[in-house]
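Chains as they are written, first to last, in the numbering used here: chain W, 15 to 533; chain H, 2 to 339.
Each statement offered as a hint is correct.
Covered stretches of chain H (in silico footprint by chain W; criterion: 3 or more residues with CB under 8 Å from a CB of chain W, positions within the stretch not fixed):
(1) 10–24
(2) 114–127
(3) 298–305
A few chain H positions that, by computed beta-carbon distances, are all more than 10 Å from chain W:
(4) ARG36
(5) LEU37
(6) LEU84
(7) ARG85
(8) PRO96
(9) SER250
(10) ALA287
It should be emphasised that the hints constitute simulated quantities derived from the structure, not laboratory data. All residues carry an ideal CB built from backbone N, CA and C; glycine is no exception.
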Amino acid sequence: MIDILFAFNALILVYFAVLNGTYLILSLMAFRSLRKYIDRLESLQIDDLLQSSGGLPISLVVPAFNESETIVASVRSLLTLQYADYEIVVVNDGSTDQTLAVLLNAFDLEPVVRVPTSDLPSAAVHAIYQGVRHQNLVVVDKANGGKSDALNVGLNYSRSALFCAMDADTILEPDALARVVRPFLEDASTVAVGGIVRIANGCTVDSGSVDDVMLPKSILVRFQVLEYLRSFLSARVGWNTIGATLIISGAFGAFRRSVVASAGGFDTGTVGEDMELIVRLHRYCRDLGHPYRIDFIPDPVAWTEAPESVRQLGRQRNRWQRGLAQVIGRHRRMVLNPKYGVPGLVALPYYVVFELFGPVIELIGYAGFVVALTLGHASPAYTVAFLVLAVFLGSAISISAVALEEVSFRRYLRFQDLLVLLGVALVENFGYRQLSTWWRLHGLVSATRRDLRWGPMERKGLERSPGQTTDLDEERPGTEGQDRPTRLPHIGDDSGSTEQGAGWIHVRFEAGTDVNCLP
Amino acid sequence: MSALIYAILGLAFINLTFAAAVVLLRMRNVRRAARLDVLKDVWHPRIIGLISDDSNTESLRALVAPHEQRDVVEISWDIARRLRGSDRVQRFAAPLLDETTPDLEARRSETRARALQIVSCLGGTAYEPAIVASLDDRSSLVSVVAARALCQPNRTQWIYEVLDRLGRYESWSVALTASMLENAGTGAAPAMREYLGDDRRPAFARAAVARSLMLLKDAEAADVAAAQLTKTDPELIAACLRLLAAVGSEAHAHAVRPLIDDDRFFVRAEAMTVLGKLGEPRDAEAILAAIDVDSPWIAIRATSALAELHATDELATLVNAGGLPAEAAIETLYNGVA
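Between the sequences and the hints, there should be enough to build the whole structure, so can you do that?
Have a look at this one:
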């Protein structure tokens, strides 16, 4: 019995060693990559060209469901972005509040006729409106169908070579579009680019822009700020270094429209539509043997509101875990398949072992550690090894994320914010990480029931006077109750693929997509 | 047990040390930023002052302490690249570049590229041979920076050197390359026309050149563009069609007409747009016949072209036909009327 416990504990130690070792390697790669990237930013002032005719036209697709409180401020903010040629396509996803009415009133919208330029399946479109004063503002009113469905409609009615998918409550920094388009200019084979998402809770937000960056007061949100830094600056930059970006946040990502449309658009049968699309784009491009590039870059910034209650955060993490399970289930054929290169051989297996099943192994590991301590079978060597690998190394990785922020973009300028972040990094592994693991385990269990609910989300709003709160029920009934993923038109799930390659343009991406830019 | 406690304390100490290192890093960054701010406060108004009055350039240069030379050059560069009339800033900063020029040979491509930008902006003609040599740098980043530095209206004598290297920039966006060439101005247009008509050059680069000639609205390029429409590369043909749409005349319509039946949808779409602008009423029938019911792009371009040709009968035919072309026709008519 003791031997079994010993062997089990040894396995857990190996797990934590590989997990945190991978994170450490990713952090080191991210450090090198970030330094190089920042030097590159300084060595090529591409802004001059973007201001002239070098910028590619882009459509911002903004799905909105019951956003009447914030949508006008959001759109006003988007109308002031520093970019030469862009249109905003707001998709009212069957809101039951006054979202459409406030848009019609605020922006002097008139009904127009607009031909869809792709035929991604979606819920019925009721009407299309265009701004009289702001000709680059288009509002599509449709029946409720969920976020993916709304994004697909936005894609159908957008007319630029590139589109940017974002959330209605996301605040883009004024130069975010110019920055996110940059990789498309530097490499014509780029099909998708993700920017960094930062947490706006605690910051001063005025007229749709983040003016003063500060840490929030809530410890729960501070933990999330650190998590976001670790996730974006360490993990995503690190994975991107080896060409294995598997996630571009749904809150902010830019895509080559023709390729996404040819690959089937956003999957309405998953709650992890952002990751699913990226994994599918890898698969699609590699199946067709076309050179492509999917990038994550850390300088275009989108600000988002993080959940402030334990319940909300738990729901969010549960949903993320369910999304991950659905994506991996759908694309399981890619795992360890040499045809899919680094994403298939390295990144996806990592996600399967450490992200998907990680919560199970970790919680068993913690339990095993407690049992061994209680029964007196935990040798000092094992105890130290466990603490080093599971706790202290975790803290060191979190501190390294703060260090990465310090050597790169340094957005939290207050000295006390830096100290708080470091303090959070030191204590995060004592309680919060275990809680997060518990939520993920719940998500994994929910995934086995094919749960496609988003769950209600309460928001306080980023721009408000003190004490004012708005509770928005953000449940998306369009995906609720579905028990089977929707079939995609061009790339099948692993139970049977169809029509792969239909619609692909057999020349440089630009040649085909430039036609989208009507004079 | 005490050994265990010591081990845990030791581990905590290591993490605390790591955290302290980050704090020290912040302190160093803050100190650096403060020093730069002070320098900027002093030198920014002085250098801006040179633009209106450069009588004291020499005496001002004498005030630059050796350890501040690099930073003053950076401040000068930041001003010069944003403002017109910066030749006086160049005269001030050029003699201070001796600390920057060794970076042109640095190991890291980013360092070389940055140094190249600075000397190309502040160094004047003295550094032009070095910039031209950088076109052949092993890093495409440095090469592009060099090309951008040479694509200036006052450096058109180097345009052939840039055009000769366009093949290196295949992975870059055509839009970016075209915009770079456009910066060279109309003085470079004859060389670009020559390049566009040269079959030995790579097609993607000629497409970029066609696009830059379109941005320059170079009417003389229309004949060259029309002559390329019989070539095989679709990207080049599409770029030449866009050029013709911008600067072509009725005389070029005959070269475009065969392309409205082209198999490649984007070539066909561009050809329809050109015929809408340059064609005759009789072209409306051919456009109508070439509409592909599966392609919304074709339908949109075709109906726009028909509207340009005032082909109301053909548009009415489309509206009555139903389907995608009808929707496109309604969009054109409805939004046009609105």
